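Asker: Spelled out, the chains give:
Protein chains: 4
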Amino acid sequence: MIVIMRSRTPQEHIQAVVDKVNQLGLKPHISAGEETTIIGVIGDERRLDVSVFDMMEGVERVVRVLKPFKLSSRDFHPENTVIQVNGTKIGADSVVIIGGPCSVESHEQLFEAARVVKESGGTLFRGGAYKPRTSPYSFRGLGEKALTWLAEVKAIYGLAIVTEVMSPDQIPMVSGVADIIQIGTRNMQNYALLDAAGRSERPVLLKRGMMSTIEELLMSAEYIMSNGNEQVILCERGIRTFETTTRNTLDISAVPVLKELTHLPVLMDPSHASGRARYVNALSRASIAAGADGLLIEMHPHPEQALSDGAQSISPEAYTTLIGDVRQVAAAVGRTL
Amino acid sequence: MIVIMRSRTPQEHIQAVVDKVNQLGLKPHISAGEETTIIGVIGDERRLDVSVFDMMEGVERVVRVLKPFKLSSRDFHPENTVIQVNGTKIGADSVVIIGGPCSVESHEQLFEAARVVKESGGTLFRGGAYKPRTSPYSFRGLGEKALTWLAEVKAIYGLAIVTEVMSPDQIPMVSGVADIIQIGTRNMQNYALLDAAGRSERPVLLKRGMMSTIEELLMSAEYIMSNGNEQVILCERGIRTFETTTRNTLDISAVPVLKELTHLPVLMDPSHASGRARYVNALSRASIAAGADGLLIEMHPHPEQALSDGAQSISPEAYTTLIGDVRQVAAAVGRTL
Amino acid sequence: MIVIMRSRTPQEHIQAVVDKVNQLGLKPHISAGEETTIIGVIGDERRLDVSVFDMMEGVERVVRVLKPFKLSSRDFHPENTVIQVNGTKIGADSVVIIGGPCSVESHEQLFEAARVVKESGGTLFRGGAYKPRTSPYSFRGLGEKALTWLAEVKAIYGLAIVTEVMSPDQIPMVSGVADIIQIGTRNMQNYALLDAAGRSERPVLLKRGMMSTIEELLMSAEYIMSNGNEQVILCERGIRTFETTTRNTLDISAVPVLKELTHLPVLMDPSHASGRARYVNALSRASIAAGADGLLIEMHPHPEQALSDGAQSISPEAYTTLIGDVRQVAAAVGRTL
Amino acid sequence: MIVIMRSRTPQEHIQAVVDKVNQLGLKPHISAGEETTIIGVIGDERRLDVSVFDMMEGVERVVRVLKPFKLSSRDFHPENTVIQVNGTKIGADSVVIIGGPCSVESHEQLFEAARVVKESGGTLFRGGAYKPRTSPYSFRGLGEKALTWLAEVKAIYGLAIVTEVMSPDQIPMVSGVADIIQIGTRNMQNYALLDAAGRSERPVLLKRGMMSTIEELLMSAEYIMSNGNEQVILCERGIRTFETTTRNTLDISAVPVLKELTHLPVLMDPSHASGRARYVNALSRASIAAGADGLLIEMHPHPEQALSDGAQSISPEAYTTLIGDVRQVAAAVGRTL
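Protein chains in written order, with my numbering: chain Y, 11 to 347; chain E, 11 to 347; chain B, 11 to 347; chain W, 11 to 347.
Please note: incorrect hints may appear among the correct ones.
One copy or two, it doesn't matter: identical chains are merged, so the pair holds either way.
[What the hints assert, rightly or not] Here are the computed lysine to any residue pairs in the SDA-like style, where the Cα-Cα straight-line distance is at most 20 Å:
| no. | residue 1 | residue 2 |
| --- | --- | --- |
| 1 | K30 | H312 |
| 2 | K80 | A341 |
| 3 | K269 | E225 |
| 4 | K269 | E67 |
| 5 | K80 | R143 |
These are calculated hints, taken from the structure and not from any lab test. Remember, predicted model here, so these are calculated numbers, not experimental data.
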């Protein structure tokens, strides 16, 4: 940590900071310049509250030096983590596509979607039983009934299931069906849920909060991992900005940044990011070109009849086209699909 | 709802939209211009998914006409809601200040803070037993022990207690002590928690998500209210922007906007918004001048020793000064403190 | 400046940074911790490009220590700058209100507005001759004709004139009429214009870019001041965020932050910030309560006929009310109007 | 345009809006629902100020129906615009790369960079003579001397020159050397400059403001085009968000969105977007995969010695690698390089 003092701070304020550092059992390094003084503090700042110094008289600001995450950090785990689900490797050379509808709406819709995913060569299937919705008056998912049908899809098509949990008490039941449990964007900092997912044995697909920094995403992964579950898959799904032609702004730079900072697999969700079916193909190609390990794609047998997020769901035909297009780009960057 | 068609869309696409509207039992109103056609749809769009139309061929975009919230809307409830807690009215002529430390750290710290609040004439006291923290390695609150001490504060000083809940299962126990249960910024869209708070009998202090719109805040209030609990107090606590001199940007305009849109009381939290003790007084004065019903202020007997958020906690002396300053401003806008 | 090295960087990379520092004639201070090393660099970093170090191998990031502005900094000029125009002091104990229409539209409109300002006790009058508009097809101001009329207003009512310049070549002509030349939000980083304004003898009202940080605002003031013109008045006018109920988000915290960082006067423009006449009164009160030195208020004799920005212009009646309300708040914070 | 009235507005307010519409020579279409009334207004709203209605009593809000841009719109010009410079087509099947240093620093640096671009098969060269810098104390470019050297590069290597103009008076001189004149992100809404560029005969490379919407970018293109210069090349270069691991957030979605809305060529600038040399390759691949027509890449013979923006400049070796990588991706999406 570095404590930057204000210009022309009296010596006693500087000394008080130095005393505090020593008192905490840490070592201060003082650099006195003409206009200001900076005090380097060496020690494990992960467990230190920087506000302690922030509050002291004469302190301009405090700069953290170490990254606050550890288990998810590539510094401490240089090789990529590969997560294996139902024979499919996530985070390895081959990129993956998790396809399926936003929410499970009917037995027929679900099986039609599953058939499309299966026939296109997919192994991972998504579908929501519990849906977080901005409005309490919107369709909130079929719940247990949807889980039963997802279990059927798994049994019949052999697809691994990815589905969302919204509260700690849903985890046991959902884990009975899901191969990967998903934590949605609005729950990225729901710490009770992160703790519970950390005690689960299922891999966790953690979506970035639409208003969260990359560092915060990694800190939330740290919550799960520090509870013992190291199988975390990260997913960028668009962040909130001032631009309105797309629902959110896909942060494509998150791919190389995360690949540098962490060993965990990185997926992209262009469907939620754009909120528009017609932009999904271009954003999928871009994601794979940037180095993402895979995609989450919303596909609906009849998008115009979807009970939620129809505007961002692509049709089975568009889904098949997308897979072909993504395969070309994957090959161009030395990967397979 | 208004469906705006793209320029020069063929008639058949327009007709398909009109058919869809009729099929849903709604009435279309067509306005055909030279370049484009717009189709007004009259009916309760709160239960209608706009994506249905968004997906159709030739549709440029869909504009909602009605506000999506109802129970919280001033349109349906013109008079201010006043919430009474322990003899104090929130949302009435007199503004309120909820003071106290970010988190309960020790018996001594808690009682010292409570004494300051009491002696300054306060009736509402805040202190966190469960703390949401970005890092799993930070201090996360004393939990039950803190609740016991808060109960003591209540018994001895007669202060009403405001404290945060982070998951549905904490609500029963916390409600045994708290007069108002708080839902924090990261949980504003934790729908399981909102539903549970809606089934509680305690007033709920709902903090705006740091990157949530005002409309989303009202939709979250709607979750609580639609479960039967109409005692919701809204709190603006800073939104995330590109500016870095303050931790967040206090959205002062939220005061007149919320006062127009809703009948619920509106508080402001300048401590979390700025993240800097030295800006809290100015932002408190501004909040009351803008028309807020009260403030949440972090005060710590010894801010430099705080285990969390020390940088934004003011000292007892600054707290007393703040109360005097706010009282002047309240009087200037025709209110009391 | 502080150079933070990556974890476990080889010694040679650290040495390369140290060599570079020495080579630039600066002094390095090395603090070696267990995980990382930080190198403090003492010297005038205002003229140093931090990228020099940013690029070097093993460097994690570079943190600037000194504020990059100097002439505008309170560190080097502790007392408030007071700018005197036409007998009115800006930045002194009394707050000021600059009222008038967004743009000069007709002789009648202008004189009606000027009369309202005069009768309400005002001394400063605003009105645009040249209007920056997002669309080339919108009304862009009456230009020279408007300047002539503004000169009449000045002669007849004795009001000081504030009007905008959009390019360096307009400055001489505009300065013939204007007592204060305004640089608008979209031109805050139009460096040719800032340089030219810096060579003018008129005080400059510099509006914050809707997308600019407070530090960037001060750097733009620095452009003007380093050209010799120290009469700069800063104006916060709302920043761009994700919130849509107001056109921009008034950054009320900018008041205490600027008051701390700079000695220059700080005005607020609640009309442009909110874009809604009905929120202007509340935001004006808040601005003065927070410590602003004054307000820019758009007032139009007939807002519903305005050729630009009618939605944010208040009526003469609302203007008179606002002045009364602001006077109360000014008194509550120990100032006058 | 659609005027949405507030819930339960009295009939007289609705009538006043209808009267106003008729008075402006337009036709109102009224749709009266249970809770509210909406009034469709047919006519060329590009020349109409929506505030006229926004101000009227009982009006909730006004929604524009038509896109405000016309000359740049694909609706009015369905085929792609291809701009030919020095034998290179921009906006055609082949993607282009404009490489070179941020600013011209010395004869040697310039020629070394030009040689790299030439040898890698490039035809377009960038280099700044006039540099917009946040600080007046930073290096601001070599000006005329740099232009002379750029003319040499052109003569010797046969590279077309792209260089920035910062004020209208620089255009004539810069046009003597430049094949494409660039308008930078801070000047995207410098209307005097846009007007002047519109009267130039050189193609204009217009960079998106770092906090401007896509619609505003197209409106600025409209400024140039409405002055007679239809050769506009758009460039996305990162927008300002809350994320701090990259300097700005590259808005990759802008590619498919712009390709849909406009016929103008679309380039991407991953160097300025990320501000970090090590992310440029990944973002370049993503940009081309998404469908961009080309890239602006900062390359410096010795990035660690750069006088500006060294941190984002890649080395000649990295540049050569990037060209190979981009060529693969271009082929995967059916294009060439």
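Asker: Hint by hint, where does the structure go against what was stated? Just the numbers, ascending.
Answerer: Number 2 only.
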